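> Top line first, the protein sequences correspond to chains D and L.
Heads up: the first sequence begins at 2 in our numbering, then just goes up one per residue.
Heads up: the second sequence begins at 48 in our numbering, then just goes up one per residue.
No wet-lab data here; the hints were simulated from the structure.
Fair warning: this is a prediction, and the values are worked out from it, not measured in the lab.
Be a bit skeptical, because a hint or two may be false.
Okay, the calculated beta carbon distance ranges per label pair [claimed, not checked]:
#1 His75(L) with Ala56(D): 40 to 50 Å
#2 Asp130(L) with Gln270(D): 22 to 32 Å
#3 Arg90(L) with Ala56(D): 47 to 57 Å
#4 Leu241(D) with Val248(L): 43 to 53 Å
#5 Leu356(L) with Asp216(D): 51 to 61 Å
#6 Asp289(D) with Ile202(L): 29 to 39 Å
#7 Arg90(L) with Tyr145(D): 55 to 65 Å
#8 Val248(L) with Trp28(D): 38 to 48 Å
#9 Gly157(D) with Gly172(L): 41 to 51 Å
#10 Trp28(D) with Tyr252(L): 21 to 31 Å
#11 Pro183(D) with Ala50(L): 48 to 58 Å
Part of the chain L face toward chain D, derived, beta carbon under 10 Å [as the list claims (entries may be wrong)]:
#12 Phe51
#13 Arg54
#14 Leu56
#15 Gln58
#16 Thr180
#17 Ile313
We put the beta carbon where it would ideally sit given N, CA and C, even for glycine.
So you can see what is in the structure, the chains are spelled out below.
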Amino acid sequence: MAISNVVESRPQQALDAPSEGPLRELWKSLKRDRLAMTGIVVLFLLMIAALAGKALTEWTQILDPATVRLTDKFRPPMARAAAEDLPVASRPPLGRYWLGTDELGRDVLARMLQGSFVSLSIGFIAVGISIIIGITLGGVAGFYGDLKFGPVSVDGILMRFTDVMLCFPTFFLILTVVALLPPSIYNIMIVIGLTSWMGTARFVRSEFFSLKEQDFVVAAKALGLPERRIIFRHMMPNALAPVLVSASIGVASAILTESALSFLGFGVQPPYATWGNILSDGKDFIFDAPWLFFIPGLSILVVVLAFNLVGEGLREALDPRLRRGLR
Amino acid sequence: MLAFLTRSLAQRLLLLVIISILAHSVVHLAPGEPSQVDPSNPRMKPEDIARIRAAFHLDKPLHLQYAYWMRDLFTGELKSFKDSQPVLPKIWRRFLNSLPLFLCATLIVWSLSFPTGIQAALRRGSIFDRSTTFLAYALISIPGFFLSYLVILWIVDTFNVPVIGMRTFGMESAETSYRWMDRVWHLVTPSLMSAIGGIAVLSRYVRSQMLEVIGHDYVRTARAKGVVEDQVIYSHALRNALLPFITMFGLMLPGFIGGSVIFEQIFAWPGLGRLGYEAILARDFPVILTLNFIAAVLTLAGTLLSDILYSAADPRIRL
Numbered sequence: 002m003a004i005s006n007v008v009e010s011r012p013q014q015a016l017d018a019p020s021e022g023p024l025r026e027l028w029k030s031l032k033r034d035r036l037a038m039t040g041i042v043v044l045f046l047l048m049i050a051a052l053a054g055k056a057l058t059e060w061t062q063i064l065d066p067a068t069v070r071l072t073d074k075f076r077p078p079m080a081r082a083a084a085e086d087l088p089v090a091s092r093p094p095l096g097r098y099w100l101g102t103d104e105l106g107r108d109v110l111a112r113m114l115q116g117s118f119v120s121l122s123i124g125f126i127a128v129g130i131s132i133i134i135g136i137t138l139g140g141v142a143g144f145y146g147d148l149k150f151g152p153v154s155v156d157g158i159l160m161r162f163t164d165v166m167l168c169f170p171t172f173f174l175i176l177t178v179v180a181l182l183p184p185s186i187y188n189i190m191i192v193i194g195l196t197s198w199m200g201t202a203r204f205v206r207s208e209f210f211s212l213k214e215q216d217f218v219v220a221a222k223a224l225g226l227p228e229r230r231i232i233f234r235h236m237m238p239n240a241l242a243p244v245l246v247s248a249s250i251g252v253a254s255a256i257l258t259e260s261a262l263s264f265l266g267f268g269v270q271p272p273y274a275t276w277g278n279i280l281s282d283g284k285d286f287i288f289d290a291p292w293l294f295f296i297p298g299l300s301i302l303v304v305v306l307a308f309n310l311v312g313e314g315l316r317e318a319l320d321p322r323l324r325r326g327l328r
Numbered sequence: 048m049l050a051f052l053t054r055s056l057a058q059r060l061l062l063l064v065i066i067s068i069l070a071h072s073v074v075h076l077a078p079g080e081p082s083q084v085d086p087s088n089p090r091m092k093p094e095d096i097a098r099i100r101a102a103f104h105l106d107k108p109l110h111l112q113y114a115y116w117m118r119d120l121f122t123g124e125l126k127s128f129k130d131s132q133p134v135l136p137k138i139w140r141r142f143l144n145s146l147p148l149f150l151c152a153t154l155i156v157w158s159l160s161f162p163t164g165i166q167a168a169l170r171r172g173s174i175f176d177r178s179t180t181f182l183a184y185a186l187i188s189i190p191g192f193f194l195s196y197l198v199i200l201w202i203v204d205t206f207n208v209p210v211i212g213m214r215t216f217g218m219e220s221a222e223t224s225y226r227w228m229d230r231v232w233h234l235v236t237p238s239l240m241s242a243i244g245g246i247a248v249l250s251r252y253v254r255s256q257m258l259e260v261i262g263h264d265y266v267r268t269a270r271a272k273g274v275v276e277d278q279v280i281y282s283h284a285l286r287n288a289l290l291p292f293i294t295m296f297g298l299m300l301p302g303f304i305g306g307s308v309i310f311e312q313i314f315a316w317p318g319l320g321r322l323g324y325e326a327i328l329a330r331d332f333p334v335i336l337t338l339n340f341i342a343a344v345l346t347l348a349g350t351l352l353s354d355i356l357y358s359a360a361d362p363r364i365r366l
């Protein structure tokens with residue numbers, strides 16, 4: 002059905018409107034995928050929570066994640082704060098700890114809100130770095146791959162370099178570098194980004210290889226368009242859609258990697274809260290204060306699942322073979 | 048074939064050299080030296096630090112250090128910074144510990160994900176398909192240690208057996224059957240935990256591979272000429288769908304080192320991953336570098352193996 006629709010509407014579109022971009026087509030078929038749409042809704046809510054959380058925890062006193070209340074240690078979720086013992090400035094919102102408190106009496110809700118922004122930005126910046134490297138290397142290898150310097154071609158050099166990077170056991174490499182470098186949240190983002198671009202590079206390269214032979218690119222070349230314009234205006238948008246898939250899944254795995262690093266003690270250091278280090282601190286209190294373990298654990302599960310489902314939905318929407326099988 | 052082998056061996060050797068140089072410079076250029084592991088110790092005088100640095104060749108320029116490392120590695124003289132034990136036997140002992148864990152996990156992954164994936168592909172869109180899809184995504188989305196802790200607690204509560212470590216301390220005098228059951232519990236639990244990610248990924252891959260093959264013309268032809276459905280699926284479709292998985296055999300090898308850090312740490316399993324983690328904490332450069340080197344060798348050997356296996360299995364591909 003989808004195929005016949007496209008075929009029928011082509012000639013008309015060609016006449017009166019610019020044809021639908023690949024991204025809009027993608028969105029159309031994505032809308033039919035219920036799991037992926039659920040994922041998108043969850044991610045949308047998460048973005049709001051992260052931005053609101055950043056604002057609330059930075060600028061308001063009642064949601065300050067660093068407020069220590071030693072009289073209110075290990076209060077379960079929904080517990081009422083011991084209001085008379087606390088100074089007004091460190092009372093929680095509406096006088097209750099909605100998600101409980103931890104071993105220092107810090108409000109878990111405030112820490113989770115702060116952590117959502119930090120965790121998400123680790124995911125996004127790491128993936129941003131990996132995608133920029135991946136697209137650049139893959140694009141250069143795909144477009145200028147035939148250029149030769151003596152016996153070796155550009156494509157050969159870049160792809161061998163990609164092979165070299167693929168040979169490192171990724172998590173072990175991340176662990177080594179993060180452990181040796183001074184602990185900082187930026188190092189973690191950069192290291193995760195620098196060790197995860199290989200898939201994107203291979204993707205973009207093969208995409209560019211096939212695009213280079215296609216009629217519209219050949220036509221653009223024949224018209225004498227500058228290379229810059231051919232690459233960025235004609236080829237890049239067509240190669241970009243599959244990158245979205247690996248980006249979405251990449252954010253998911255970056256968040257998981259951060260929590261694994263936190264577990265081993267190399268994660269983001271205090272005073273920053275991330276979901277990963279709330280979880281790994283919480284594991285010590287799994288019997289006394291199970292909410293410290295389950296709240297961040299389940300949140301990570303839901304968010305990573307949402308990213309994965311969106312990525313899978315994109316992949317299915319992009320894969321023409323699967324689309325044909327569907328109907 | 049011979050030409051292919053020599054060419055790819057030469058290529059891989061070159062890659063290996065580049066990888067080792069890169070790894071060596073990353074580890075050595077990063078701040079933090081083995082001589083600074085204990086900076087607050089008042090007994091460490093500057094001359095002691097200088098002596099340590101000289102003993103480990105840390106005062107030499109980088110390329111000389113690299114040469115020393117390579118020489119010691121290949122003559123088997125390489126010693127750990129931490130305890131002056133020879134590195135290779137140390138790694139070998141840990142490897143023997145990791146091996147059962149790896150084999151058991153691999154067995155679980157392959158024996159569970161193939162039936163699941165094939166069934167999901169055959170009943171595409173059914174409740175089974177949708178629930179396994181969802182389950183697979185849920186399983187790769189859980190932080191590994193979160194799930195492991197829950198499973199450990201559950202097993203200890205329900206079955207009253209300890210699962211941390213390689214065996215229960217003090218069981219040496221128990222009867223053989225009890226000792227064996229103890230070993231099995233200690234082995235299967237961490238294997239299952241480290242297999243979970245693999246099951247989720249591989250079953251999805253099997254599913255999409257099966258779906259692709261089932262859409263091909265020869266499957267339709269087989270059905271049209273009246274071949275029994277089971278035979279169509281298992282001897283026409285599955286055999287072709289299996290081809291890409293041969294390459295996965297080779298690509299699994301490096302998972303030995305990188306994939307096991309977390310789970311060996313959780314289950315206190317004295318394997319390779321944990322050795323690497325301890326070496327990183329102690330700035331034990333020879334162990335870190337050698338483990339990395341072995342991982343690279345395994346990866347390169349794995350890709351070569353998968354190329355060869357692929358050409359052996361698929362007559363259309365000639366090397």
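> Compare the structure with the hints numbered earlier in the document and write down the numbers of the violated ones, lowest to highest.
4, 5, 6, 8, 12, 13, 14
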